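*Asks:* The sequence shown begins at 1 in the working numbering and counts up by one.
Simulated from the structure, these hints should not be mistaken for lab results.
These numbers come from a predicted model, not from an experiment.
Built from N, CA and C at the ideal position, the CB exists for glycine as well.
Just to be clear, a hint being listed does not mean it is correct.
Claimed, not checked - No farther apart than 25 Å at their CA atoms in a straight line, the calculated lysine to any residue pairs in the SDA-like style are these:
| no. | residue 1 | residue 2 |
| --- | --- | --- |
| 1 | K104 | V296 |
| 2 | K104 | Q123 |
| 3 | K418 | L511 |
| 4 | K141 | E221 |
| 5 | K76 | A47 |
| 6 | K561 | S337 |
| 7 | K351 | A330 |
| 8 | K561 | G502 |
| 9 | K76 | G32 |
| 10 | K104 | E221 |
| 11 | K561 | Y353 |
| 12 | K418 | D145 |
| 13 | K351 | G373 |
| 14 | K104 | R246 |
| 15 | K418 | Q392 |
| 16 | K76 | R107 |
| 17 | K104 | D145 |
| 18 | K351 | R160 |
| 19 | K104 | I14 |
| 20 | K76 | R100 |
| 21 | K351 | A47 |
| 22 | K76 | G86 |
| 23 | K141 | G327 |
| 24 | K351 | K561 |
| 25 | K561 | G327 |
| 26 | K351 | V507 |
| 27 | K418 | L405 |
| 28 | K141 | H128 |
| 29 | K561 | F21 |
| 30 | K561 | M468 |
| 31 | K141 | T175 |
| 32 | K351 | A384 |
Stated by the list, open to error - Listed next, with one range per pair, are the computed distances between beta-carbon atoms:
| no. | residue 1 | residue 2 | range |
| --- | --- | --- | --- |
| 33 | L493 | G89 | 42 to 50 Å |
| 34 | Q425 | A311 | 35 to 43 Å |
| 35 | D378 | G89 | 52 to 60 Å |
| 36 | A384 | L476 | 31 to 39 Å |
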Amino acid sequence: MNTLIETNQAGYGIGYFFARFIAGQAGVEADGILTRTAGWLAEIHSAGDICLDLGAHAAGPWPDHEGVTPGLEEWKALLLDSDCAGEPGDVAPMIVDGNRLYLKRLRDYECAVAAGITMRLQQPLVMHEGQLREGLQRLFKDSTDVPDWQMLAAAQAVTRRFCVISGGPGTGKTTSLVKVLALLLQQQPAMRIRLAAPTGKAAARMVESIRASIRRINCDEAVQRLIPEQASTLHRLLGYSSRGYRHDSNHPLLIDCLVVDEASMLDLPMAARLLAALPEQCRLILLGDRDQLASVDAGNVLGDITGHGHAIAYSSATAARFSGLSGYAAASLPVASAAPAISDAVALLRKSYRFHGDSGIARLARMVNQGEGEAVIDLLSSHAQPDLTWLQHMDATALLNQISLAYTPYLQCRNVDKALQAFEQVRVLCAVHAGPSGTHALNAGLARLFYAQGLTGGLEAAHGIPVMITANHYDLGLFNGDVGLLWDVDGRLCAWFRQTDGMLQGVPVQLLPEYGPAWAITAHKSQGSEFDRVMLLLPDQAADHPLLSRELLYTAITRAKEQFTMYADESVLRRMIARRLSRSTGLAARLGWPES
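All chains, please: the whole structure from these sequences, using the hints.
*Replies:* Here it is, written out as structure tokens:
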């Protein structure tokens, strides 16, 4: 048996078991080309890839470095010679589509997402252009930016059935959205609009931001009252229960417009289910930051839709239309004759209103995102930015003591509401779970320290411990990633969670689904959240984990609003900035983006 499958049998079961299944179905040897390829495909799927790019790996090393893969055409022929692999339209566990190999269900998801988006790109919309022009001029009249990217984003979202509004922290995604909703409701007051996000925390933040923005926009009170102020998780929107999803293509949602915030967290299967549950005429607006980490699960939907860093430009026809609506000269707008149709549906917000021009956090995020490793080191080494702190060397005891000081204020609160507010102002982020700089070690160390200080009860269920839910519980409305506080109220220990309406939900500890301590969480789990202060711990210089990437660093930095502290070795920091995560998918190509 080949080394790949033996290794999988020891610790990476999905590749081993799928390879063994294919070997049994095809009646072939366990170390043949077919089974080795099947094991490889299953392994990369577990890491987030949607497909195996045969063209990129043909005549190259196998993952276990034992031998060389076949040439491309030979490889495809060997796969298709088996009933376990077929071409598009065939019924087989694996599908060869061009030079990509898919698990059939993942290809089905990818094609469904591409078809759902493309259909909306091609659907014409009838609207009152004069009313829209007046609304844009009124809502954005105070802007001095030329061009005003928020205005152009609003024009894009209102004039098409599918749109993505992407931008970094503080670029005004929610402000733009509220104005989009006002413009839509001005055109169609009876429009049924729903708001959703991948997680409860992201949905709560969405509601909070929308409520704060509604009263600041220049529109009639009657329109303001129509703007929705409630949001749900995607699972709740689709009516998920232990029996499956209530809404699908046969039982679609009764809505005219769906807005999904924090779309970088949207994985491919959920995107496919979401599009299937929308009526064909329903608008879909996605908000997110295309430079953040991809979803925890398979795919990189927002990155694929927005072209993975490709320049966003309009077609000539779209530029002319936006010029008429906005008053800007068409020549001042980004235009590309060869831009794919999807580019007309992507709005990039380029100016941050949260940070001042001299903000260290904003400068650091921008440098990391652009891969400027030397500039990052210079910025952090200068100690000239009061909102940035970089510590390269600190022993474990001193580190725990420093982190504990940031959390002590919430533990000194007497009221659970105030305690949760204080706790949500700060967070420790890690790149990984294991090792001395991972979440497991940090949470255990903080638990011992707070227990010794008499502030909590250790790692057992006890007053004061923050918890993160790690398994969905639909009856309780708790989902993977939700964070709450264990707090004793009148002699009754419950886990308290902030709901999307701002109220607290108390759940007896005995009823909680699986959970773990949450003083320290991974950067992945922090998506959809913001904190006043963020502390990031990276592994030591010997570590070279594949998750240590530019996207992870950027995501962690952009969770901070006021203060960002990083504990990292310089060599690790340089490697992260130089490494970009790349998931193998075919969605971007299906939407017309050129392949890099």
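*Asks:* Against this structure, judge whether each hint is valid.
*Replies:* To see whether the hints hold, each was checked on the structure:
1. K104 with V296: With Cα atoms ~21 Å apart, K104 and V296 stay inside 25 Å; holds.
2. K104 with Q123: Not satisfied, since the Cα-Cα distance of roughly 29 Å exceeds 25 Å.
3. K418 with L511: holds (24 Å)
4. K141 with E221: Holds, at roughly 18 Å.
5. K76 with A47: OK: K76 and A47 at ~23 Å, within 25 Å.
6. K561 with S337: With Cα atoms ~39 Å apart, K561 and S337 exceed 25 Å; violated.
7. K351 with A330: holds (20 Å)
8. K561 with G502: It holds: about 20 Å lies between the C-alpha atoms, which stays within 25 Å.
9. K76 with G32: The hint holds at about 14 Å.
10. K104 with E221: The given pair, whose Cα atoms are some 51 Å apart, is violated under the 25 Å limit.
11. K561 with Y353: holds (12 Å)
12. K418 with D145: violated (39 Å)
13. K351 with G373: holds (22 Å)
14. K104 with R246: Satisfied, since the Cα-Cα distance of roughly 24 Å is no more than 25 Å.
15. K418 with Q392: violated (34 Å)
16. K76 with R107: holds (17 Å)
17. K104 with D145: Between K104 and D145 the Cα gap is close to 48 Å, so the pair fails against 25 Å, i.e. violated.
18. K351 with R160: Roughly 24 Å separates the two Cα atoms, so the pair holds.
19. K104 with I14: holds (16 Å)
20. K76 with R100: Holds, because 9 Å separates the two Cα atoms, which is no more than 25 Å.
21. K351 with A47: Violated. K351 to A47 sits at ~34 Å, over the 25 Å cutoff.
22. K76 with G86: holds (10 Å)
23. K141 with G327: Since the Cα atoms of K141 and G327 sit roughly 11 Å apart, the hinted pair holds (cutoff 25 Å).
24. K351 with K561: holds (16 Å)
25. K561 with G327: With a Cα-Cα distance of about 34 Å, the restraint between K561 and G327 is violated, given a limit of 25 Å.
26. K351 with V507: violated (41 Å)
27. K418 with L405: Measuring from Cα to Cα gives roughly 17 Å; hence the hint holds.
28. K141 with H128: At roughly 20 Å apart (the allowed maximum being 25 Å), H128 and K141 satisfy the hint.
29. K561 with F21: violated (49 Å)
30. K561 with M468: holds (22 Å)
31. K141 with T175: Within the cut-off at roughly 14 Å; holds.
32. K351 with A384: This hinted pair holds, its Cα atoms lying about 23 Å apart.
33. L493 with G89: 42 to 50 Å: violated (57 Å)
34. Q425 with A311: 35 to 43 Å: holds (38 Å)
35. D378 with G89: 52 to 60 Å: holds (56 Å)
36. A384 with L476: 31 to 39 Å: violated (48 Å)
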